[in-house]
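Colleague: Here is how the chains run, residue by residue.
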Amino acid sequence: MNPREISENDGADACLVEAALHLTGLCDRFELAEMLGWSLTRLERALGHLGTRLDGSAVCLVRLGREVRLAVREGAAPPDTLACLTQRGQMRTELTAAEAARVLDLIRERLTDPHASPRADTAADDDVELLERGVLVPDAMTEAAGPSLAAHPDVYFALGLCPMPVAAAVPHRPDPPSLPSAGDPWARSADGRHVAIPLDDQGAG
Amino acid sequence: MRPPRVIVVLDRHDDTAFTQCALAAHRIGAGIMTIHPSPGRLGTAHLARDLLVALGKDAEQVTDASGIKAEEPAWRAGAAWTIAYRIRTVAVLRAHLLRQEHWERLLAFQYTAGVHLLLFCHSQDVPLEVNRTLAGAPHTITDDLAHVIELLRPAPSEPGPDEDEPAPPAVPASFPIVPRTAVTRFRADAWRRLSTGEYEAVDVQYRYGLQAGCAWLARHPEYQDATPDEPVLAPELLPRYLSPRESAQAHAYASDTYGITPSRSVITALLCVGRERPARGRYPRYPYAWRDEAGLQVFLSALVADCPSPEASCARVRGAQAGLLLHGMLLAVPRDLRTAKGPGLTGAALTEPVCSRIGEHLPNPVTAAALAITLAAGVPLADLGVLRIASVGAHAEAVRANGAFAIPPAARPLLIAARTFRRLNGAREEGRLLVGPRGAEGLVPATLEEDARACGLSVPEQTPYSENPFPPPLAAWHLKARCWFVADPLHGPRQPDPDLGRVA
Chain E
1 MNPREISEND
11 GADACLVEAA
21 LHLTGLCDRF
31 ELAEMLGWSL
41 TRLERALGHL
51 GTRLDGSAVC
61 LVRLGREVRL
71 AVREGAAPPD
81 TLACLTQRGQ
91 MRTELTAAEA
101 ARVLDLIRER
111 LTDPHASPRA
121 DTAADDDVEL
131 LERGVLVPDA
141 MTEAAGPSLA
151 AHPDVYFALG
161 LCPMPVAAAV
171 PHRPDPPSLP
181 SAGDPWARSA
191 DGRHVAIPLD
201 DQGAG
Chain D
1 MRPPRVIVVL
11 DRHDDTAFTQ
21 CALAAHRIGA
31 GIMTIHPSPG
41 RLGTAHLARD
51 LLVALGKDAE
61 QVTDASGIKA
71 EEPAWRAGAA
81 WTIAYRIRTV
91 AVLRAHLLRQ
101 EHWERLLAFQ
111 YTAGVHLLLF
121 CHSQDVPLEV
131 NRTLAGAPHT
141 ITDDLAHVIE
151 LLRPAPSEPG
161 PDEDEPAPPA
171 VPASFPIVPR
181 TAVTRFRADA
191 WRRLSTGEYE
201 AVDVQYRYGL
211 QAGCAWLARH
221 PEYQDATPDE
231 PVLAPELLPR
241 YLSPRESAQA
251 HAYASDTYGI
261 TPSRSVITAL
271 LCVGRERPAR
281 GRYPRYPYAW
291 RDEAGLQVFL
301 SALVADCPSP
311 EASCARVRGA
321 QAGLLLHGML
331 LAVPRDLRTA
341 KGPGLTGAAL
351 TEPVCSRIGE
361 HLPNPVTAAA
371 LAITLAAGVP
381 LADLGVLRIA
391 SVGAHAEAVR
401 ANGAFAIPPA
411 ARPLLIAART
421 FRRLNGAREE
431 GRLLVGPRGA
441 EGLVPATLEE
451 DARACGLSVP
461 EQTPYSENPF
471 PPPLAAWHLK
481 ARCWFVADPL
491 HGPRQPDPDL
501 GRVA
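As they're listed, the protein sequences go chains E and D. So that you can map any letter, position 26 of the first sequence is 26 in the numbering used here, and since no number is skipped, the others follow by simple counting. So that you can map any letter, position 345 of the second sequence is 345 in the numbering used here, and since no number is skipped, the others follow by simple counting.
Take the hints with a grain of salt, since some may be wrong.
Claimed, not checked - Just a sample of chain D residues kept apart from chain E, beta carbon distances all over 10 Å, derived: (1) Gly-43; (2) Val-53; (3) Tyr-286; (4) His-395.
Stated by the list, open to error - Among chain D residues calculated to face chain E with C-beta under 10 Å, some are: (5) Ala-182; (6) Arg-187; (7) Arg-207.
To be verified - In silico EDC-like cross-links for lysine to aspartate or glutamate, where the CA-CA straight-line distance does not exceed 20 Å: (8) D:Lys-480 <-> E:Glu-94; (9) D:Lys-480 <-> D:Glu-450; (10) D:Lys-341 <-> E:Glu-94.
By construction, these hints were calculated from the structure, which means they are not laboratory data. Since this is a predicted model, take the numbers as computed values, not measurements. We treat Cβ as the ideally placed atom computed from N, Cα and C, and that holds for glycine.
Using the sequences plus the hints, can you model the full thing?
Modeller: In structure tokens:
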């Protein structure tokens, strides 16, 4: 096999492994090699080729022990923008079974015993991520008794358990273009209900 | 119901009232059909074509390529459509001009289709030629116009399997683009981002999905088995010494008194919280998987089957997710639902006009069913694997093959006709449902796309038909949906208030 053929094969392999990482997210390298039907050597060569090809792009290859994934390169966008985009992406994330259980338990607790003191033993591992995704919020009702969490009002609205959502649940938005109110882009519109924001995350996809 | 009968109607004086009576009675939807035999003493294949025309088929489409131009398949197709359209009475005009072989065919058709057959003879007596044929078949003769009018009166229609369910709300032609966020904030995002009118349009579909989800669970045996009937009423609202009946009365009072306040929906929920599912042996109570995956698939595909807009489909699915969450159930669907393939997204809404068009342009029941199934599933026909006659549900309400999907009511006659046609052709239950004039290959992909164009429709891009015994990966979104019991229900077993959580 001449060097040119090797290079072309590596290019094809790199494309394939890039597609695989897009589809699988974080992936164990042994598992990835098995999925692709490759030897580990071939996978490492393809990953090396992919890493080189991604130099200078906004995406990079991240290796965490045996695992590998694609990630947005540090500095690819201003931190605020990155945080906002990350949060937007997270809003699309569906609940897992454990997360749904946690959210429903909190709703049930609130409905059955709204003024109960927070129970330290009920905190769940997923709480941090649910907070980041805006599914849970710090509970204002039990603030005096200690820190605790509640389902976001949007969740209550989604379930028909409250008649109105909060007006502004998207706190970060770095560049709100052409909104009706320059001072407060998330203020209610003239009809007293809500503002129409460009559906930048609602295109095809 | 009366047993099917053969009635010879003698119009001795060629009274136009008899003909007018038969013509006026013709209404496929009411189960009555009137056939006009072509003039001239033609073969029985022509009479079969007249039957197909009376059934609303385009005569121009009854070609060699359709596979039902020949005599036998044409009569079978006629019988299959007659059964599928639930036609009870068939009137044949100018029967006195037909030959013996026509009468024999008609009697065989009457037996196969199980219809009342009224043979109009505009003559003094039954033609001598057919006396011998009639002698072998139980029949009656009448010349009483009033009796004929009575015979041609539509019978009360029988309700279909799901006709008691609320009709889905209409979807406006210009349906807004809905948020792409998950169920937890979909509705709130729609409220924040859309205009009042747009939000209302989305929320109508969302609330329909929510109620449909609640209703589906409430009558599902798996859910009923897992969930106690009696809710434990919210204890903190009322003194604990009250009996359950007194508590219920107090809650009803609170609900009636404060029904129009914002607390109404919370009160509605409070009436139901506290119902706890029993532990399941040595396993932790939650989460555990929903077992009836096929039922879930049918429910989800039925939910969006009539949606002409994928955006409206997304709104209904989000609503259904919310409805199931109220019952402590997590319904997980593909994250990028809008770009997924499958029912309500990449197929077509099989409405009454669309199905009528398919039935009119595609007189071969199998061809019509192939197109309807492809549109209902929203994925290439080949992806569904081998569809067998037994794959079609009893009332054609669903097809279960490589995954299950619902068939909208308007399209069900197309599948029933195909199933009947194949049975009349001698196929067994495990036989293929979709066999074209040139075998299975005759249906996809080229002819299916052509057939769709003939009906003014388009189908998802087709892939070559494969004899691979291993079914292809599941492509449709609803086949990837999964459901888990994750918590005790927040909601009771009864139907939710239609205005639950509606923004005033």
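Colleague: Against which earlier hints does the structure fall short, listed by number upward?
Modeller: Of the numbered hints given earlier, those the structure breaks are 3, 9, listed in rising order.
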